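**Q** Each chain is listed here by its residues.
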Amino acid sequence: MQLIILMCLIAAVIELDNVSFGQFGFARPFMCGIIFGFIMGDVSAGVQLGIFIELLFVDFTPVGGVLPPNGTVAALCAVMAACYGAPLYFAFFYGVAVGLLFRFIEMRLRGFTARRMLARQTDLNNNPVKIVNTFVFGSMLFQVAITFGVMLAAVLAAKTFLYYAKPVGANMHVAFNAAYLAAPWLGVFALLRKFSVRVQA
Amino acid sequence: MKFKNRLVIFLRSLFLQAGWNYLRFQGFGFAFTMLPFLRNLYQGKNLDAAVIRYMETFNTNPVMAVFCYGALAKLEEEVALAPVRKTSWRVVKTFLTSSVASIGDRLFWDALRPLSLVFGVFCAFMFVAADPYFSKAYFTGAQAAVLFAVVLFFYNAVTLYIKWKGLKVAYQGNRENTFGLLAFNWNRLIRVFKMIGFVLTAGLAVLVWYKNYTDMSLSPQFLIYLTALIFIYIISGFASKYNIPNIYIYFVITFVIWAGIYFI
Numbered sequence: 001m002q003l004i005i006l007m008c009l010i011a012a013v014i015e016l017d018n019v020s021f022g023q024f025g026f027a028r029p030f031m032c033g034i035i036f037g038f039i040m041g042d043v044s045a046g047v048q049l050g051i052f053i054e055l056l057f058v059d060f061t062p063v064g065g066v067l068p069p070n071g072t073v074a075a076l077c078a079v080m081a082a083c084y085g086a087p088l089y090f091a092f093f094y095g096v097a098v099g100l101l102f103r104f105i106e107m108r109l110r111g112f113t114a115r116r117m118l119a120r121q122t123d124l125n126n127n128p129v130k131i132v133n134t135f136v137f138g139s140m141l142f143q144v145a146i147t148f149g150v151m152l153a154a155v156l157a158a159k160t161f162l163y164y165a166k167p168v169g170a171n172m173h174v175a176f177n178a179a180y181l182a183a184p185w186l187g188v189f190a191l192l193r194k195f196s197v198r199v200q201a
Numbered sequence: 001m002k003f004k005n006r007l008v009i010f011l012r013s014l015f016l017q018a019g020w021n022y023l024r025f026q027g028f029g030f031a032f033t034m035l036p037f038l039r040n041l042y043q044g045k046n047l048d049a050a051v052i053r054y055m056e057t058f059n060t061n062p063v064m065a066v067f068c069y070g071a072l073a074k075l076e077e078e079v080a081l082a083p084v085r086k087t088s089w090r091v092v093k094t095f096l097t098s099s100v101a102s103i104g105d106r107l108f109w110d111a112l113r114p115l116s117l118v119f120g121v122f123c124a125f126m127f128v129a130a131d132p133y134f135s136k137a138y139f140t141g142a143q144a145a146v147l148f149a150v151v152l153f154f155y156n157a158v159t160l161y162i163k164w165k166g167l168k169v170a171y172q173g174n175r176e177n178t179f180g181l182l183a184f185n186w187n188r189l190i191r192v193f194k195m196i197g198f199v200l201t202a203g204l205a206v207l208v209w210y211k212n213y214t215d216m217s218l219s220p221q222f223l224i225y226l227t228a229l230i231f232i233y234i235i236s237g238f239a240s241k242y243n244i245p246n247i248y249i250y251f252v253i254t255f256v257i258w259a260g261i262y263f264i
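Those sequence lines, one after another, are chains A and B. Each residue of the first sequence is one higher than the one before, starting from 1 at the first, in the working numbering. Each residue of the second sequence is one higher than the one before, starting from 1 at the first, in the working numbering.
Chain A with its partners taken away, still in its complex shape (with noise of 0.2 Å):
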């Protein structure tokens, strides 16, 4: 329990780097897949996870307020669902779907700063330096918190999920192993069209 609290809490403050602080690049579901590999003691599971789930997620593209999928969050549930004994299809079906339905908390979350930005219009306008900086690390916190719960929520879900999922039928695994193999596939194809659009030198 101490490993999966401890990897949610790494994972929540690695997904700050999506938006809210520096967009390295470390929550990137190529890149936290290695790191959740690595800690968990299975790099391939987390390169190859990690890999699939960036080239799924890769026709989206964050520009104004669209929000894609979260990739750490699906990152993160890909590699432990993997860790718990689940086959890789399996796994990374489970993180994609978290993935998809955290995009909708994030959603929400955005949503309750601009109501408490409202909430709080008089302090601000009173002293503005003092809110800029409390608001910033604030939501930072916030964010941290929502996250880590949802993570956890969805970590130990997984169990739930692969409990169910064992006792399935053959033509199950089939069909979500090749779905899997699909999954690059699109990817690849998606990058395809991406870097042929022309643009003028």
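What the hints contain is simulated information worked out from the structure, not anything from laboratory work. Check each hint, because a few of them may be wrong.
[As the list claims (entries may be wrong)] Okay, derived cross-link-like pairs now, EDC-like style, lysine to aspartate or glutamate, Cα gap no bigger than 20 Å in a straight line:
{"no.": "1", "chain 1": "A", "residue 1": "Lys130", "chain 2": "B", "residue 2": "Glu56"}
{"no.": "2", "chain 1": "A", "residue 1": "Lys159", "chain 2": "A", "residue 2": "Asp42"}
{"no.": "3", "chain 1": "B", "residue 1": "Lys45", "chain 2": "A", "residue 2": "Asp123"}
{"no.": "4", "chain 1": "B", "residue 1": "Lys86", "chain 2": "B", "residue 2": "Glu56"}
{"no.": "5", "chain 1": "B", "residue 1": "Lys165", "chain 2": "B", "residue 2": "Glu176"}
{"no.": "6", "chain 1": "A", "residue 1": "Lys130", "chain 2": "B", "residue 2": "Asp48"}
{"no.": "7", "chain 1": "B", "residue 1": "Lys4", "chain 2": "B", "residue 2": "Glu77"}
{"no.": "8", "chain 1": "B", "residue 1": "Lys136", "chain 2": "A", "residue 2": "Asp42"}
Bear in mind that the values here come from a model prediction, so they are computed numbers and not experimental data.
Since the structure of chain A is already known, use the hints to place chain B on it.
**A** Same frame as chain A, now just chain B:
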């Protein structure tokens, strides 16, 4: 701009998107980034008024935002002397945010980031070239560490250089050279990244195919894989045309194959 100011703005710019919200977007992060610089120019109520002005709606590409910091810092020095120039400051802010967002989104989200991914996948593939299948490949800790470092370095070397240099040229720039934006040939950069990305991706696809499937040469299994790949290509093109994300296509493929096997 003094080195100290440049460094502080550069470091604080890492927090640009903290507190991102649907009302002012990056407004808080922008005010937070420029706060130490504003303290050099204003005090008391004037500082409060300036900070409130900086907290107004601000939304642009987080890397290219440095051009806004540099140009608006320069203009702020003029506003501090003649407050009537606030209107001009707002006009430049509106012009720059949209211009640099357009460049930044095409350069970083559409070219450099995918390129760094392909570069990393290509390196990963080379590391495990001896394994029969990539999906069953074994990576050592050292190989994973090298991958991690290479991709991070590749991506950050470009973004951090543009951030650091962009801040300087934007501050030194003026309306004639669009606040330093002409210091880089953006279209050429995007084109080069896209060309490298295309070659690497196509090369990767050919390598994976050659390594995994050519030895099956015209066996029924080979034909099944080839048909599946063509099917994925068609469905991927269809999804792209109608703006359906790949993630939904993945879920549909899973369900369709499962249902197909179940009913057959």
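**Q** Now look at each hint and say whether the structure bears it out.
**A** Now the hints, each set against the structure:
1. Lys130(A) - Glu56(B): Roughly 16 Å between the alpha carbons, so the hint for Lys130(A) and Glu56(B) holds.
2. Lys159(A) - Asp42(A): 18 Å, holds
3. Lys45(B) - Asp123(A): It holds: about 14 Å lies between the C-alpha atoms, which stays within 20 Å.
4. Lys86(B) - Glu56(B): 13 Å, holds
5. Lys165(B) - Glu176(B): 19 Å, holds
6. Lys130(A) - Asp48(B): Between Lys130(A) and Asp48(B) the Cα gap is close to 10 Å, so the pair holds against 20 Å.
7. Lys4(B) - Glu77(B): 16 Å, holds
8. Lys136(B) - Asp42(A): 13 Å, holds
Hint compliance for this structure: no hint is broken.
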